[in-house]
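One line per chain: the protein sequences are C and Z, in this order. Taking my numbering, the leading residue of the first sequence gets 1, the next gets one more, and so forth. Taking my numbering, the leading residue of the second sequence gets 246, the next gets one more, and so forth.
Just so you know, the hints here were simulated from the structure itself, not pulled from any lab data. Just to be clear, a hint being listed does not mean it is correct.
[Stated by the list, open to error] Residues of chain Z placed beyond 12 Å of chain C at every Cβ, according to the derived structure: (1) Asp-274; (2) Gln-351; (3) Glu-399; (4) Arg-443; (5) Asn-444; (6) Ser-445; (7) Ile-454; (8) Trp-487; (9) Gln-498; (10) Ile-508.
[Said to hold, decoys possible] Rough simulated footprint, nothing fancy, chain C against chain Z, three-plus residues with beta-carbon under 8 Å: (11) 290 to 301; (12) 317 to 330; (13) 419 to 426.
C-beta: ideal position from N, C-alpha, C; glycine also.
Chain residues, written in single-letter form:
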Amino acid sequence: MDTFTTWFFGLFTNWPVVWKNFDYLLIGAYPQGPLGGLAMSIVMAVIGIFGAFWIGLAVGLMRLSRKKWLSWPALVYIEIIRGTPLLMVIFWFYFFAPILLGQAVPETHSAIAAFTVFTSAYVAEIVRAGVLAIPKGQTEAARSSGLSHTQTMMYIILPQALRNMIPSFVNQFVSLTKDTSLAMIINVNELTLSARHIYTRTMKAPMEIFLTIAVLYFIICWVLTAFSRKLERNMSRYQARNNAH
Amino acid sequence: MLKMWKMPVLLLIASLFMVLSTAHAGKLDEIKARGALVAGVKDSQPPFGYVDENSRQIVGFEPDLCAALAKKLGVKLELKPITSSTRIPMLEQGAIDLIAGTLTHQIAREEKIDFSITYFPAVQKLLVKADSGINSVADLAGKKVGSAKGSTSEQNIKNAQPDCTVVSFETYPEAFLAMKQGKVVAVTTDAPILLGIRNSDDNPDDWIIVGEDIAAEPYGIGVPENDSKFRDFVNITLMEMWRSGEYQALYDQWFGEQTKFHIPLNWTMELWP
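All chains, please: the whole structure from these sequences, using the hints.
Following this line, the structure appears as structure tokens:
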């Protein structure tokens, strides 16, 4: 074990490079320049998650609607996005948005829009599955006690369904958090691109730098899952069934 | 049924409106109105453009050239990082006003963008391990050579040595790291970039720059197509900088004898009377 440890850490001898540039990995050129590094990754992930949750919820409910003019656009949107690689969606937003809007769009905005649109489609499918998994009796009971369709959805079905969806949401959001690294392809200075800036200048320590950012990614994803476990516990009081114990 | 028709029609009208609104005045007016010159520069290419360790900002020879242009216009300078593969689309769509990022003036590129006069004349060479035995392009037959995506070097080496395999990376330092790990036997691009990479290494003497001049790589500032006022401004400012000695001072700061990237200044800028 000891020889292995010595050998393993002998591979990584350039830690001062990481240490000297750690602030760049965390915040980029901020505050004299634009935000970058881990902070930029987190900003993109948080906005992406927030947007994707609400848009995905709306699209998922549209998809469930019996009205064709509501469910069809949702179906087309979901199918197109699910059949497209995220990298391509990012490029698409980056190169097409300026043509559509007639002006240059900051690459950060393009990336966030791409993440939101991409993840929303998956969230929509999670919402649909979650709602369909609630026993029909719940709807029937609510409707026969005089609640409207919307009221049934808002007060009876969704509170139960959303709680069941949490694990799937977290899966999707953790994956979005890690996918923010793809934004480097359009020059968004997030964690992975910051790492490249450092090793292309110093020309050394790529292993140390990448090990460091791997740990940073792990930490933010772990915080996300820990938070969701707490949320799941808090929301269990809304659960109507299977609480016999 | 009527509702389903409305969507595409609305979209069509919206897109027409947006296409019309893209017609704009000249770049010079646009920059002055905005109060900032948005320059596309390299962020991973010492000493042309890279992120400084202490200030954490993009610095380098080309950012300084852009700063001189912005000062002449009386506007702020905003630097936007580019790579070899993104720079031309970014200029075309207006995300940046100009490219000062080791961009070779090439006839093929004239189709999409315009160029200033040459501000740095480079030639393409090879960087190899000192004991590799590779001395020329001919020695590369059947070997793997590293370069960067979307660069002229990538095309030139394919023409000069059809028997080698070109492996393209996002940046040249990454190509160099690949060479250090034995994935490629040589890195090919412009000599000043190779020198920058070699001299940034811990053991510069392990690496040598060899080979004939594979191609001339005159760097020009990329400007939007068909905007001669803006191009004139860039050209005239570059010539003024040369005549006043400002260019030479900048050059000395980044490529002078006291730097890690020493290249003697032995050429003269094209100077119009």
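Each hint tested on the structure:
1. Asp-274: Per Cβ check, Asp-274/Z is outside 12 Å of chain C; nearest 15 Å; holds.
2. Gln-351: holds (22 Å)
3. Glu-399: holds (18 Å)
4. Arg-443: Incorrect as stated: the minimum Cβ-Cβ distance to chain C is 9 Å, not above 12 Å.
5. Asn-444: Given a closest Cβ separation of 9 Å, the condition is violated.
6. Ser-445: violated (4 Å)
7. Ile-454: Per Cβ check, Ile-454/Z is outside 12 Å of chain C; nearest 15 Å; holds.
8. Trp-487: Trp-487/Z is indeed farther than 12 Å from all Cβ atoms of chain C, at 29 Å.
9. Gln-498: holds (17 Å)
10. Ile-508: Non-interface label on Ile-508/Z holds, nearest chain C Cβ at 18 Å vs cutoff 12 Å.
11. 290 to 301: holds (count 7)
12. 317 to 330: It holds, with 4 qualifying residues against the three required.
13. 419 to 426: holds (count 3)
Violated hints for the displayed structure, listed by number in ascending order: 4, 5 and 6.
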